[in-house]
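Participant: Residue numbers (the numbering used here), protein chains in the order written: chain A, 1 to 244; chain B, 1 to 188.
Since the hints were derived computationally from the structure, they do not count as laboratory data.
Yeah, the Cβ is synthetic: ideal placement off N, Cα and C, and Gly gets one too.
Treat the hints with care, since some could be wrong.
To be clear about the criterion: a stretch of chain A counts as covered by chain B if any three or more of its residues have a C-beta under 8 Å from a C-beta of chain B, and this derived list gives those stretches [as the list claims (entries may be wrong)]:
#: 1; stretch: 13 to 27
#: 2; stretch: 40 to 51
#: 3; stretch: 139 to 153
Keeping only pairs whose Cα atoms sit at most 35 Å apart, straight-line, the calculated DSBU-like set for lysine-lysine is [stated by the list, open to error]:
#: 4; chain 1: A; residue 1: Lys237; chain 2: B; residue 2: Lys173
#: 5; chain 1: A; residue 1: Lys197; chain 2: B; residue 2: Lys134
#: 6; chain 1: A; residue 1: Lys237; chain 2: A; residue 2: Lys197
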Amino acid sequence: MTRDDQDRLAAEHVLGLLEGDERGLAERLLASDTAFQALVQQWRTRFAEWDNTAADLIPGDALWQRIETGIEARPARASLGPAAQARRAPSPGLLRGLWDNLTFWRGFGLAGAMAALLLAAGMGYFAEKATRQPMLVAVLMNETNQPGAVLRTFADGRVELTPLGDMQIPHNHSIQVWTFPDPAGVPVSVGVVHTAKTVLLDLRNLPRPHSNQMFAISVEPLTGSPTGQPTGPVVMKGTASTAL
Amino acid sequence: MKAVLGEMASPAFDLNHALGQCAQGDRVALRAIYDGEAPRMLGVAMRLLRRRALAEEAVHDTFLQIWRKADSFDPARGDARSWLYAILRNRALNILRGETRTDLVEDFEPMGLVSDEENAETLMLRLSDTGSLKRCLERLEPARRQAITLAYIHGLSHGELAGRLGVPLGTIKSWIRRSLISLRECMA
Numbered sequence: 001m002t003r004d005d006q007d008r009l010a011a012e013h014v015l016g017l018l019e020g021d022e023r024g025l026a027e028r029l030l031a032s033d034t035a036f037q038a039l040v041q042q043w044r045t046r047f048a049e050w051d052n053t054a055a056d057l058i059p060g061d062a063l064w065q066r067i068e069t070g071i072e073a074r075p076a077r078a079s080l081g082p083a084a085q086a087r088r089a090p091s092p093g094l095l096r097g098l099w100d101n102l103t104f105w106r107g108f109g110l111a112g113a114m115a116a117l118l119l120a121a122g123m124g125y126f127a128e129k130a131t132r133q134p135m136l137v138a139v140l141m142n143e144t145n146q147p148g149a150v151l152r153t154f155a156d157g158r159v160e161l162t163p164l165g166d167m168q169i170p171h172n173h174s175i176q177v178w179t180f181p182d183p184a185g186v187p188v189s190v191g192v193v194h195t196a197k198t199v200l201l202d203l204r205n206l207p208r209p210h211s212n213q214m215f216a217i218s219v220e221p222l223t224g225s226p227t228g229q230p231t232g233p234v235v236m237k238g239t240a241s242t243a244l
Numbered sequence: 001m002k003a004v005l006g007e008m009a010s011p012a013f014d015l016n017h018a019l020g021q022c023a024q025g026d027r028v029a030l031r032a033i034y035d036g037e038a039p040r041m042l043g044v045a046m047r048l049l050r051r052r053a054l055a056e057e058a059v060h061d062t063f064l065q066i067w068r069k070a071d072s073f074d075p076a077r078g079d080a081r082s083w084l085y086a087i088l089r090n091r092a093l094n095i096l097r098g099e100t101r102t103d104l105v106e107d108f109e110p111m112g113l114v115s116d117e118e119n120a121e122t123l124m125l126r127l128s129d130t131g132s133l134k135r136c137l138e139r140l141e142p143a144r145r146q147a148i149t150l151a152y153i154h155g156l157s158h159g160e161l162a163g164r165l166g167v168p169l170g171t172i173k174s175w176i177r178r179s180l181i182s183l184r185e186c187m188a
């Protein structure tokens, strides 16, 4: 795709004119491609003057009350850590619905809610995943060079992590999965895991993973790394290979 | 005169800062954004969705997303206001394209079509003389200007634009593409 094509795609995305495959393509690029994000931003800025021509309409009091009720149903995001961000951002559909239903879990505390979210997502996709073919598989080796976990990536951007053997998460800690989309760059969080069982994570915010891409797991505080980079020891790592 | 300009130029509050506060869980900051932006957002959503209940729905969903995603807002990647309106437009366009399309078509008033077309030129007049959008739109032929304006403001699809302007779909697509290139060059 030439830069002109990308620019046209960016502009038509901002106009809201894209349909079908092109619409999906633009959404994928917007989630993963910084050059495309910049083109979209330029068009948003160019057209922003139009928004200022809209007549102000004073909303009724009920609107704010509904918004307030909506935000009460959820804890503030700030304390959730990077993994939560990675998973939630561009998936308004199923995950959002799941999240909204999670109001039920509020009383169980943040860690419980996180675990429940992972579990719910896992169960939600369980049937689907059984029939899916992984794109890449990475066996993560621990310090003693034994297989510690298997990570599989799927075409829809989801990632399944299956701990092996007797993997244990230290009390009051989580493990955080990281990957290196750019081998020379910094690690990017894929998700925070609280229980040593198969979980589904989301890579859709990141560039499509490639073979030989490195994945690693570090031990972190319960809510994930506070810095956005690994802070605890790396307990296992491995590179992805294409699944045949 | 200077005093008036000064007053207008000073924003009521710093949106970047308010979003940072939202990310910390500060509802007062969300309310401040709402007080500052919700009326304009409702106006933008009304032009796209035409029905008050749907427009309020779009604004409602937008503020929930602002609350949820405030911590992912990055001032280095674009300004806060543009981030807010991108969320609003996305939400409104999704409602328009996906959820209630048939509903809207049934609701279309025949008279509304005419006034929309007038609006495209009226809207031009409302654009600031000092901004480049107006100057660059003026360079386009009226029908092409109208196509791109109706797409952005009222969310018309390629097919609807073709019907409205009475030209084949392929013509609309090429009008839009050429207009975009012209706008990009003019606004660079």
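Participant: Any of the earlier hints contradicted here, and which numbers?
Facilitator: 3, 4, 5
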